[in-house]
Each structure stands twice: as C-alpha cells, then as structure tokens.
Amino acid sequence: MFAAALCFFLHGAIAEEVPRKAQACVACHGPAGNSTDPAMPSLAGQPAQFISMQLFMFREGNRKDPQMSPMASSLSNADMNELAAYFSTQKPAAASHGTASENAAAGRRLAEQHHCVQCHGPALLGLQHIPRLAGQQFAYLRTQLRGFKARTRADFDGNMTSAAELLSEKDIEILADYLSGLTPSRD
Amino acid sequence: MSPAPSRSLISLASALVCVFSAAAAQAQAPAAPAAPPSWQQGRSAEQEKSPLHPFAIEVTGKAANLLPVDKLKVPDGFKVEVWVDGVPGARSMALGNKGTVFVGTRQLKDVYAIVDRGGKREVKTILKDLDSPNGVVFSRGTLYVAERHRITRYDGIESRLDSPPDAKVVVDGLDPQKQPGHFWKFLALGPDGKLYYNVGAPGNIVMPAYFQAAISRVDPKTGIIENYAQGVRNSVGFDWHPQTKQLWFINHGRDWLGDESPNDTLHVATRKGQHFGYPYCHQGDTLDPEFGKNRSCAEFTPPALKLGAHIAPIGMRFYTGKMFPAEYQNNIFIAFRGSWNRTIKQGYNVTRVSFDADGKPKMEPFLTGFLVDEKADPPMWGRPNDVMVMRDGSLLVSDDQNGIIYRVSYAGK
Chain R
1 MFAAALCFFL
11 HGAIAEEVPR
21 KAQACVACHG
31 PAGNSTDPAM
41 PSLAGQPAQF
51 ISMQLFMFRE
61 GNRKDPQMSP
71 MASSLSNADM
81 NELAAYFSTQ
91 KPAAASHGTA
101 SENAAAGRRL
111 AEQHHCVQCH
121 GPALLGLQHI
131 PRLAGQQFAY
141 LRTQLRGFKA
151 RTRADFDGNM
161 TSAAELLSEK
171 DIEILADYLS
181 GLTPSRD
Chain L
1 MSPAPSRSLI
11 SLASALVCVF
21 SAAAAQAQAP
31 AAPAAPPSWQ
41 QGRSAEQEKS
51 PLHPFAIEVT
61 GKAANLLPVD
71 KLKVPDGFKV
81 EVWVDGVPGA
91 RSMALGNKGT
101 VFVGTRQLKD
111 VYAIVDRGGK
121 REVKTILKDL
131 DSPNGVVFSR
141 GTLYVAERHR
151 ITRYDGIESR
161 LDSPPDAKVV
171 VDGLDPQKQP
181 GHFWKFLALG
191 PDGKLYYNVG
201 APGNIVMPAY
211 FQAAISRVDP
221 KTGIIENYAQ
231 GVRNSVGFDW
241 HPQTKQLWFI
251 NHGRDWLGDE
261 SPNDTLHVAT
271 RKGQHFGYPY
281 CHQGDTLDPE
291 FGKNRSCAEF
301 TPPALKLGAH
311 IAPIGMRFYT
321 GKMFPAEYQN
331 NIFIAFRGSW
341 NRTIKQGYNV
351 TRVSFDADGK
361 PKMEPFLTGF
371 LVDEKADPPM
381 WGRPNDVMVM
391 RDGSLLVSDD
401 QNGIIYRVSY
411 AGK
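These protein sequence lines are chains R and L, in that order.
Counting in our numbering, the first sequence runs from 1 upward without gaps.
Counting in our numbering, the second sequence runs from 1 upward without gaps.
These are computed hints drawn from the structure, not numbers from a lab.
A virtual CB, placed ideally from N, CA and C, is assigned to each residue, including glycine.
Please note that the accuracy of each hint is not assured.
[To be verified] The following label-pair restraints were derived from C-beta to C-beta distances: (1) L:285 / R:102: 53 to 59 Å; (2) L:210 / R:60: 34 to 40 Å; (3) L:65 / R:186: 54 to 60 Å; (4) R:186 / L:121: 36 to 42 Å; (5) R:21 / L:211: 35 to 41 Å; (6) R:69 / L:116: 34 to 40 Å; (7) R:152 / L:172: 55 to 61 Å; (8) L:260 / R:69: 42 to 48 Å.
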C-alpha cells in the first residue's frame, strides 16, 4: 500500500524526462526495456531498487558480463537511480513464451517447495531488491539459475546462491519454462 | 577395461539415472538446504514458509527530495532537518577535531568524510574496498576503523582527506573463520583509552566460540586484546555513562521466537567478565528452547531495560550536549533500525531513555515518522542507525537505507 504510494511519488517526479540516458539501453534490452531476445533480460516493470542494485553491482565488479559491465562502468549513483525509475515504470509486455503444459504444475510445485515464492512474491512479480521473474526471458532465466548454482553469478546477500544450490539441471529447466510463461504484471 | 559406450548408450544411461534419482528424491523428504543464509538459521519447519525477510539498503542511496522527510516528527521545541544526503549505506559516525564527520558502512566498502563549509556539506569517499568498515572512532588526530577482520588507524587524516595515509594495523585476525555471521563491528574508545568492539554470534542461535558473542577491547598501544563482556549476541552500539563511567550497551535478541519474544535489550556492565546470557537465556528471564535446557537465567546478568522484540537497536549514545533542555543531560538516545522479524512491525525511530530518581530507566520515542504501515512490506521508508552528539549539542542521526544524515536541534519553547 505504502510502497505503491511511494512508487507513484518517485515515478511521477522523474520518470518522464529520462529516455535520453536510457536510449543506449534499449538497443539491447528492447523498446521501453521489453526484450525480444530470449537471452537478454527485460527491464520493464522490474522493481526500481532491483535495477539500481544490479547496475551498482556491474559497476563495482561484483557482477560481470562482457556486454553489460562496460555500460555500467561510468554511471553515477544518480544515473542509476534515474534509469531505475524509468525502467521500473514501463509496462511489461505480455509474456511471449509458452510454458510446456507438463511444466506448469511442476514448475509451481518447485517454486513452492524451494521457497521461490516467499522471496519473489506469490505471483513472482518481485519487490524491493528482489526481481520479477514472471514473464522474464526463458534462456536468460535459465542462464542465471545455472550461474547462481555454479557460483559464477554473484548476488548481493547470498540469498539466491543458497536458494539455487539444491536445484538440479532438470529443475532449472522446468522453473525457467514455468516462470517465463507467467503474466508479468498485476493488471 | 570395457570399450567406451556409444553416445546413445550414455544418454540412455543418464536418462535412467535421472528417472531413478527423481524417484529416490520423491521417496525421501525434501533435503534441507546445505547453507541457508544466516538470517534464516533457527527457523522452525513451519517458519520456512514465512514471508518475513531482512530489508536491503538502497546501495546507490536515495535523494532526500524524493522521500517524505517532512513526515519526520520530534517533540515540541525541537526541529529535524536533512543534514546531508548522498552518503550511501551511512552507518556509524565519528567527529573529527576540525568538525569533519567520518561515516562507516556495513554492506558497502567505503568510509566517508563529510566536510561542512558554512552550511554546504561535501561528501568525500576517503577509504575504499574495505571489508564492512562499520566502526569508526576519532581520537587525537587519528581515525580508527573497524572492519570484519581487523582494526586499523589512519594518523593525521583530517588534514589530508584527499590523500589519506596508509592504514596501520592495530589488531588483525578478528575473523579467523571467514564465515557468515554478525561480524561487522561497532567501535568506541573507552575512558581507559582502549578500543572496545563487538564480535557477534556466528548465526541467529548457535553456540559461539570463546571470542564470539562478546564485547572485547584492544589496547591500541600494545595490540593486546581481552574479552570484556560475554553472552552478548550482537551489540553494535555502546557508550560509557558520563558520571559512573560504566559501559552501557544495546544487544540484539535472537530471531524466530515470535512477534513478541525475545526483547532486544539495554545493558550495563558494572565490571569486566559478566555474562549476559546468550545463547542460554534471553532478555534476562527467558530460557532458549534449545540451549536453555538445564540452565537457569539466574546465572546471568539481566538487562537494565527491555526495548521491544526484534526492534534492532543500533547506535546508542549518552546526551552530553548543551543545546537540549536540562532534563536530557545524560539521557541515552538509541536508534532502532528494525524490526523485520515480526508480522506487525515496530520501531524505526530514535528513542530517548531517561532515568527516574531511583535511576530506573524508561523510554519514549523521540524522532519518529520513518514507519508508515506496520503491516506493509516494506513498512518504512528510512532506517535510523547511529546517533552522534555534535559540538553545538545538536544530534546527528544516520539512515543507511537511504544514505542520509538528519540533524535534530532545539530552538526552545
């Protein structure tokens, strides 16, 4: 309730003017941050705190990627907050991924058994520094889950590394397939 | 040796292994996670479904003009204002001879210096790439910094903020196991000239090693360390009473025993060597369901005051300034950075502890307005965590959620 009010307040204040800074981003992350490339994450509608924290981790070198790290290296904290405010207020496009029918129930079961829903929220829409998974690109989700398990994707507080530790390769496949097909927003 | 099997045989074999292990996994209860994050340690099986979680700070900071700072409230006659923003992760504060405010961080790696130039404040990052440099003390021209694993000194730093001297080690090896746990440190200089610091418990509720769950002190001249207080789960704020010179400290109680239990606490150590209960006894009167078996709370020193469950007291200082009304002299200000481990949240304020004629402490909220909705996630927009009395008697309050420092002053009547 409060979060919604605060978000409205923040977004109302700065979201409109940003796009100049965000233009470089949409070349890879898609128009308004809605990616059309299965390996490239969508940013639209991600929680602002999640976006600014990821940009910070790329800049500080905790998280590394040959394409993304150089994009973050010269951003100031204020730039990151502005970009986060912009992308977090963009409407996520409807999921383009179709979940295999046998994975819908199995995916939900895994998401509950491994407590994904406790942190990422019952509809996997994310909050605060925890990302939305619903409707995110399939190949991207799979790569990240493999990365957490292999400890090649660093996370800020160790929560995700520990959550991914017990997943088998098959679980990862099912979860990515399930999550990618979910509706990415509340409305 | 048998010849290498063909490709199709391998995939058939691995498919069989998959079927087999899936069946085996289904037959057993789901395995427990190998290494849960330390904040989850001590949860019951049913609490694994709990949505309660610690809140992450805004690592890039948040501009004060985007926050409802006008909702902050102080008692009549007092005024609260933003002193400076753009100090991401601001935690403990220390005051230099020339008025520089030094600020440590816990989840970041930086130490800042804030220089006041006639009301316009400049934030400089003076130290980088440290390991959770939470504790800062300034004394006789030297800045002392406590990281997870060591305490260092930076001599003469205030006159060379743009080219700080190299660190000299006071003591190293304070984090020998490099495991998760409450190992960021608060640091304070005692009336005996020794540096006091905490080494917290390695998890929520676990048996600590002899140097853990303790407040210790190190003589900066010799580097010799001693345990001062034992059985302290995690204290990240302490100060000495201006008259009795006794050590007062706050302590964080364990999590996952419910909304109302146990209380976080305020203590006084009347001498070296007292034991304050952890992990056996909480808040002076509640035995731990696991470690408290066959123990009695009577063997431990009880708290001076119960502060509220999971309320997360961080900074605490005695008020010795000349600005606030006389009845504030030698009162304690405590910053509550929590709670998260309750379904109905409380805290997120700076509280005043005063003493009655018999020396009995009582508390009342002093700076409020960070907590907005006790049932929401998040319930607050800011988190106070250290307090420091300035030379003019005003009180600075740091907020690591947003990287902001506020100033409370008194104008009177």
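Here is what the structure says about each hint:
| no. | hint | result |
| --- | --- | --- |
| 1 | L:285 / R:102: 53 to 59 Å | 55 Å, holds |
| 2 | L:210 / R:60: 34 to 40 Å | 36 Å, holds |
| 3 | L:65 / R:186: 54 to 60 Å | 28 Å, violated |
| 4 | R:186 / L:121: 36 to 42 Å | 41 Å, holds |
| 5 | R:21 / L:211: 35 to 41 Å | 49 Å, violated |
| 6 | R:69 / L:116: 34 to 40 Å | 37 Å, holds |
| 7 | R:152 / L:172: 55 to 61 Å | 31 Å, violated |
| 8 | L:260 / R:69: 42 to 48 Å | 47 Å, holds |
In the structure shown, a violation is registered for the earlier hints numbered 3, 5, 7, in ascending order.
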